[in-house]
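Visitor: Below, each chain spelled out in residue letters.
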Amino acid sequence: MSRKNETIQKSSLWEDSWKQLRKNRAAIAGLIILIILIIASAAAPLLTPYSFEQQDLALGASPPSASHWLGTDVLGRDLFTRLLYGGRTSFLVGICATVVSLLIGVPYGAISGYVGGRTDSIMMRIVDILYTMPFTILVIILMVVFGRNILLMFAAIGAIQWLVMARIIRGQVLALRKQAFVEAAVAIGASHRRIIFKHIIPNVLGIIIVYTTLTIPRVMLMETFLSFLGLGIQPPMSSWGLLIRDGASVMESYPWLLISPAIVFSLTLFSMNFLGDGLRDALDPRFSKGKS
Amino acid sequence: MVKFIIRRFFELIPVLLIAISITFFMVRLAPGGPFTAEKSFSEEAIARLNEHYGLDKPILVQYGNYLLNVVKGDLGPSFQYPSRTVNEIISESFPVSLELGAWAMLFAIVVGLVSGIVASLRPNTIQDHVPMGIAMTGICMPSFVLGPILILVFGLWLGWFNASGWETASDRVLPVITLGAAYAAYIARLTRGSMLEVLPSDYIRTARAKGLSEKAVILRHTLKNALLPVVSFLGPATAGIITGSFVVETIFNIPGMGRMFVLGAFNRDYTLILGLVVFFALLVVVFNAFVDILLGLLNPKTRQHS
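First to last, the sequence lines map onto chains R and E.
Residue numbers for the first sequence follow my numbering, beginning at 1 and rising by one.
Residue numbers for the second sequence follow my numbering, beginning at 1001 and rising by one.
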């Protein structure tokens, strides 16, 4: 049905999806907020005269004012600046770890679904077993044992998240492989490479995009969780988890140090989840509107 | 069914073995031994300590000994608290975490189910939007954001509860809400989704046509089938509640296993971490198996492949 149209007129799938996404006000609001936050984080040095580690001990923790829009922390560092730089860290971890999960999960799932048979059942059995492992705990140990290294963090978080990706891609590829147009391609003697790149990948691209947008907030949550426990990003570097941790430790006297990082982080998660849901409705035919 | 249960329990062994092995080798192959950080120890003392804890033997022998001890239920001594064994630490802190986790789970299930059902009965009205909006907020407010904010508002500003501690009954309220909120939200969304899927089916219409009361239709016929995704979520939810307890017990200063784990991680108390991981893995994996069996009982289809 709709899947046939997708391959015949590839461009119209994207146009249709965009049209449908535009109608979803929550998703568009999320998209706009995210774009603003990402640009602001990327352009941090242009937006603020302070550096993220510049201290002003004489100033100490001061409430929001004209020169420090969101106030300063206990060491006199500008909170607005630290929020922007923290955004850099959080988005960077979110995107990089998600790319790691894509690099492992997509080929793994695609091979499993494409080859099928025994290979498929063994590969999926491995995923099932790994899936039941308490991985968050292992990531914490990894961070403790090998030091709090940001690169390691990308790899470790990405290495957990690929499992879901692999399962979804495998399911899609398995279903696609039985479709008439793939059988037709096999019948006219197309090579495996051609079938994979010309027929399979364009059809799973939508799903990959949807689950990428849903994976990024999960990864960012993980980074923030680790930093909050003091096991992730280390000061003087800034991260949202670290700011929430610092804010929570002094919230009795200086509540503004907790409130603005908490709002910004929750807002980001909100936006990403709404955008992800919206994209799923628009790109994934299995999910209809109204379903969670 | 009995065969399914037995098979499911045999499948636990490789998962546990992998979890223990990964942790063991990660901890042992880490740069620097557990005593290198302590400058106060002399070379000789370190050698003696290593001998005492069996760290001078080849790593595979250590691994074999550790596995043997785990099977016997002995998780060894703690490096940080030399007078105490890991077993003692777990037996002191586990009841606290269990109490917190059980209340949080109960909170999540009751609040989640009720609001999910309420929302599904009138979809896309205010009765749907309000609980689902709150649920979305719950999902987007992780425990380390929600916890401090609850303390700030209800502990410090309004003064209704203590800001931290685990003594009185009222000390339980804020941590339980903090830990359970996100899962209540997920369960609410899952319940609503599957209720909406089941409600239009033929047998529900039949039940209505038979003249059953609305209550019976919803509770006895719809909910029973709509519960499946919720039950399968309980496995991941348990794992999440365990990791969530790291944050919640740290924020509220609760003497449970989660806080012990975080402290152990800070102090590089490798035997304590290793022992706790073995215990956590056992909890998660056994609970997952129970959930699978429960699903098998509810839905015969899942018994073949799982």
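Note that these hints are calculated values from the structure, not bench results.
Hints are not guaranteed to be accurate.
Straight-line C-alpha distance at most 25 Å; calculated SDA-like pairs for lysine to any residue [to be verified]:
(1) R:Lys23 <-> E:Asn1124
(2) E:Lys1003 <-> R:Lys198
(3) E:Lys1057 <-> E:Glu1044
(4) E:Lys1003 <-> R:Lys178
(5) E:Lys1003 <-> R:Ile129
(6) R:Lys23 <-> E:Asn1267
(7) E:Lys1057 <-> E:Asp1074
(8) E:Lys1003 <-> R:Arg118
(9) R:Lys198 <-> R:Ile188
(10) R:Lys23 <-> E:Ile1013
(11) E:Lys1003 <-> E:Ile1013
(12) R:Lys23 <-> E:Ser1213
(13) E:Lys1224 <-> E:Val1118
(14) E:Lys1003 <-> R:Tyr114
(15) R:Lys23 <-> E:Lys1215
(16) R:Lys23 <-> E:Met1136
(17) R:Lys198 <-> R:Arg218
(18) R:Lys23 <-> E:Asp1128
(19) E:Lys1003 <-> R:Val145
(20) R:Lys23 <-> E:Glu1044
(21) E:Lys1215 <-> E:Val1198
(22) E:Lys1057 <-> R:Ile129
(23) E:Lys1224 <-> E:Ser1213
(24) R:Lys23 <-> E:Thr1168
(25) R:Lys23 <-> E:Lys1072
(26) E:Lys1057 <-> E:Ser1213
(27) E:Lys1072 <-> E:Leu1012
(28) R:Lys178 <-> R:Tyr114
(29) R:Lys23 <-> E:Lys1224
Visitor: Work down the list of hints and note, for each, if the structure agrees.
Guide: Hint check:
Taken as a hint, the R:Lys23 and E:Asn1124 pair is honoured in the structure, with Cα atoms around 16 Å apart against an allowance of 25 Å. Using a Cα cut-off of 25 Å, the hinted pair E:Lys1003 and R:Lys198 is violated, with the two alpha carbons roughly 45 Å apart. For the hint pairing E:Lys1057 with E:Glu1044, the CA-to-CA distance comes to about 17 Å; that is within 25 Å, so the pair holds. Restraint check for E:Lys1003 and R:Lys178: not satisfied, since their Cα atoms lie roughly 33 Å apart, outside the 25 Å limit.
This hinted pair checks out: E:Lys1003 and R:Ile129 have alpha carbons roughly 20 Å apart, not beyond 25 Å. Between the alpha carbons of R:Lys23 and E:Asn1267 the distance comes to roughly 52 Å, so the proposed pair goes past 25 Å and is violated. For a cut-off of 25 Å, the pair hint linking E:Lys1057 to E:Asp1074 stands: about 19 Å separates their Cα positions. For a cut-off of 25 Å, the pair hint linking E:Lys1003 to R:Arg118 stands: about 23 Å separates their Cα positions.
For the suggested pair R:Lys198 and R:Ile188, the alpha carbons sit about 14 Å apart, so the restraint of at most 25 Å is met. A distance of roughly 50 Å separates the Cα atoms of R:Lys23 and E:Ile1013; the hinted pair therefore is violated under the 25 Å criterion. Note on E:Lys1003 and E:Ile1013: the hinted pairing holds, with a Cα-Cα distance of about 16 Å set against a maximum of 25 Å. Under the criterion of a C-alpha separation no larger than 25 Å, the hint pairing R:Lys23 with E:Ser1213 is inconsistent with the structure, at around 39 Å.
Taking the CA atoms of E:Lys1224 and E:Val1118, the gap is about 15 Å. The hint holds against a cut of 25 Å. Restraint check for E:Lys1003 and R:Tyr114: not satisfied, since their Cα atoms lie roughly 32 Å apart, outside the 25 Å limit. This hinted pair does not check out: R:Lys23 and E:Lys1215 have alpha carbons roughly 37 Å apart, beyond 25 Å. A C-alpha spacing of about 20 Å is found between R:Lys23 and E:Met1136, which places the hinted pair at or below 25 Å, so the restraint holds.
A hinted pair counts as satisfied when its Cα atoms are at most 25 Å apart, and R:Lys198 with R:Arg218 does not qualify at roughly 31 Å. Between R:Lys23 and E:Asp1128 the CA atoms are separated by roughly 20 Å; this keeps the pair inside 25 Å, and the hint holds. Proposed proximity of E:Lys1003 and R:Val145 is contradicted: the alpha carbons are some 41 Å apart, above 25 Å. About 73 Å separates the Cα atoms of R:Lys23 and E:Glu1044, which puts this hinted pair outside 25 Å; it is violated.
Pair hint E:Lys1215 plus E:Val1198 holds up; C-alpha atoms about 15 Å apart against a cutoff of 25 Å. Distance hint between E:Lys1057 and R:Ile129 is unfulfilled; the C-alpha atoms sit about 31 Å from each other, more than 25 Å. For the proposed pair E:Lys1224 and E:Ser1213, the alpha carbon gap of about 16 Å is at most 25 Å, so the pair holds. The straight-line distance between the Cα atoms of R:Lys23 and E:Thr1168 is roughly 51 Å, outside the 25 Å bound, and the hint therefore fails.
Simply put, R:Lys23 and E:Lys1072 have alpha-carbon atoms about 61 Å apart, too far for the 25 Å limit, and the pair is violated. A threshold of 25 Å between alpha carbons decides the hint, and for E:Lys1057 with E:Ser1213 the separation of about 71 Å lies outside it, so the pair is violated. In summary, the hint linking E:Lys1072 to E:Leu1012 is supported, as the alpha carbons are separated by about 17 Å, within the 25 Å threshold. Under the criterion of a C-alpha separation no larger than 25 Å, the hint pairing R:Lys178 with R:Tyr114 is consistent with the structure, at around 10 Å.
For the suggested pair R:Lys23 and E:Lys1224, the alpha carbons sit about 35 Å apart, so the restraint of at most 25 Å is broken.
Against the hints set out earlier in the document, violations occur for numbers 2, 4, 6, 10, 12, 14, 15, 17, 19, 20, 22, 24, 25, 26 and 29.
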